[in-house]
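Student: Letter by letter, the chains look like this.
Number of protein chains: 2
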Amino acid sequence: MSSGKHLAKGSTPPALGKDGKLRLYSMRFCPYAQRIHLILDAKNIPYHTIFINLTEKPEWYFEKNPLGKVPALEVPDKENITLYESLVVADYIEEAYSDKKRKLYPADPFQKAQDRILIERFNGAVISPYYRILFSTDGIPPGAITEFGTGLDIFEKELKSRGTPYFGGDKPGMLDYMIWPWCERVDLLKFALGDKYELDKERFGKLLQWRELMEKDEAVKQSFLSTESHTKFLQSRKSGENNYDILSNDAKRLRAA
Amino acid sequence: MSSGKHLAKGSTPPALGKDGKLRLYSMRFCPYAQRIHLILDAKNIPYHTIFINLTEKPEWYFEKNPLGKVPALEVPDKENITLYESLVVADYIEEAYSDKKRKLYPADPFQKAQDRILIERFNGAVISPYYRILFSTDGIPPGAITEFGTGLDIFEKELKSRGTPYFGGDKPGMLDYMIWPWCERVDLLKFALGDKYELDKERFGKLLQWRELMEKDEAVKQSFLSTESHTKFLQSRKSGENNYDILSNDAKRLRAA
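Chains as they are written, first to last, in full-length UniProt numbering: chain V, 1 to 257; chain W, 1 to 257.
Hints may contain errors.
Put simply, identical chains are the same to the list, so a pair is met inside one copy or across any two.
Said to hold, decoys possible - Quick list of in silico lysine to aspartate or glutamate cross-link-like pairs, EDC-like style, CA-CA up to 16 angstroms: (1) K18 <-> E228; (2) K69 <-> E120; (3) K5 <-> E95; (4) K43 <-> E241; (5) K171 <-> E228; (6) K78 <-> D108; (7) K18 <-> E95; (8) K196 <-> E241.
Calculated directly from the structure, the hints in this document are not laboratory data.
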């Protein structure tokens with residue numbers, strides 16, 4: 001994935017031509033948008049990425065998506081109607097490309113439902129305390145660290161009971177990719193909790209092995225950012241600067257040096 | 001649907017035998033559980049209903065469902081693993097019975113995704129202000145009534161643009177059934193807002209026509225409760241009594257009279 005510039009207020013919609021490719025409206029640091037990059041990359045589906053400045057949204061973007069949210073997916077021949085809500089978009093891609101592309105859900109509806117339940121549980125059990133810790137302004141909320149650990153316990157136990165390297169078996173599946181963006185960002189918690197924070201190697205042994213494997217996955221590599229990059233954006237967000245282009249500016253500075 | 005007794009702490013699991021039927025763990029007044037009754041009834045899939053007392057949950061229920069939530073669905077041959085999260089369960093039923101039963105989603109993945117987006121939007125735009133009004137203890141939260149109306153506007157506009165009696169076309173589909181339970185309960189708002197509260201007949205003309213049609217739907221009729229019955233339970237809940245069996249007790253009193 002490129003680290004291209006985020007389009008803002010006053011911009012014009014990109015002229016992409018009619019090449020039949022999907023268009024993904026995204027933000028470089030958004031974990032929900034990353035879910036869709038992961039799915040498209042895992043399935044080798046070609047697409048354009050249009051990065052949107054979420055603080056100063058382009059006026060034209062509201063014609064594409066009345067809520068102005070990312071991720072949003074524009075499908076060829078259905079212009080000016082975008083699909084949004086990351087899980088709905090991910091399921092749409094799975095269904096719309098079910099014939100020719102790698103499948104990410106289990107074929108059995110019961111197993112698929114179990115994976116979807118775990119994706120929902122990740123939301124409440126892991127993502128929710130994660131953000132409460134990360135964006136705490138008045139000290140870490142009581143219980144949030146314990147809750148975060150208890151949430152991860154569910155996934156450690158699940159991976160152990162499945163006995164496979166990935167939740168999806170021998171390869172990452174939908175569940176792996178839907179929870180990955182926050183797992184990539186776990187070390188951001190050091191920002192709130194101090195450098196000593198790290199996941200307990202015994203308690204989360206399976207998850208840590210899984211994380212190492214995931215980092216080597218071809219789809220993951222395409223959108224992966226280091227903790228250092230994630231931290232830079234978080235600092236910019238916390239300062240109110242919201243510099244969405246912080247990575248491409250870095251690259252420019254390096255080229256200029 | 002029966003108005004059978006809700007099983008509580010100290011109860012034993014019902015002895016249902018191996019008849020191959022699905023088992024739906026439910027609570028008679030829970031709108032999320034009603035979603036699954038509606039889907040099963042619309043598809044004419046036979047099932048057992050087991051009502052759970054959500055205040056005094058049976059000890060055995062946590063073996064079925066570690067979170068103790070309803071709705072939960074138990075599938076024959078997969079005992080002691082329940083599926084939960086109402087939308088996941090509804091989608092599971094749609095997929096697992098896709099061969100022989102009436103389909104509730106549009107066949108086209110893009111249209112299906114649009115319906116799923118609207119189901120998600122109903123959650124934030126309608127259900128959320130609905131509960132904030134209904135369970136306000138310190139006066140109606142500012143903006144909640146406006147927000148509720150603006151949420152319903154989305155669905156009024158959608159029904160108008162589709163030009164069909166139901167969101168699903170000539171028959172109710174998944175979107176109709178997933179939003180129905182709260183539409184059945186709209187008049188409960190009189191409880192918080194006073195008797196004068198009602199939906200504006202012009203502003204919500206399409207939705208009100210739709211509501212009348214929905215009340216005549218065979219699947220809806222099977223779980224339908226009057227505003228009077230919903231109000232009785234709400235009063236019991238607000239008083240802290242939580243009388244889940246309020247309707248079956250009523251029936252008993254009538255029989256005894």
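Student: Hint by hint, say whether it matches the structure.
Tutor: Hints versus structure:
{"no.": "1", "hint": "K18 <-> E228", "result": "neither (37 angstroms within a copy, 57 angstroms between copies)"}
{"no.": "2", "hint": "K69 <-> E120", "result": "between (20 angstroms within a copy, 14 angstroms between copies)"}
{"no.": "3", "hint": "K5 <-> E95", "result": "neither (31 angstroms within a copy, 41 angstroms between copies)"}
{"no.": "4", "hint": "K43 <-> E241", "result": "neither (35 angstroms within a copy, 53 angstroms between copies)"}
{"no.": "5", "hint": "K171 <-> E228", "result": "neither (27 angstroms within a copy, 54 angstroms between copies)"}
{"no.": "6", "hint": "K78 <-> D108", "result": "between (31 angstroms within a copy, 13 angstroms between copies)"}
{"no.": "7", "hint": "K18 <-> E95", "result": "neither (23 angstroms within a copy, 34 angstroms between copies)"}
{"no.": "8", "hint": "K196 <-> E241", "result": "neither (28 angstroms within a copy, 48 angstroms between copies)"}
Of the numbered hints stated above, those contradicted by the structure are hints 1, 3, 4, 5, 7, 8, listed in ascending order.
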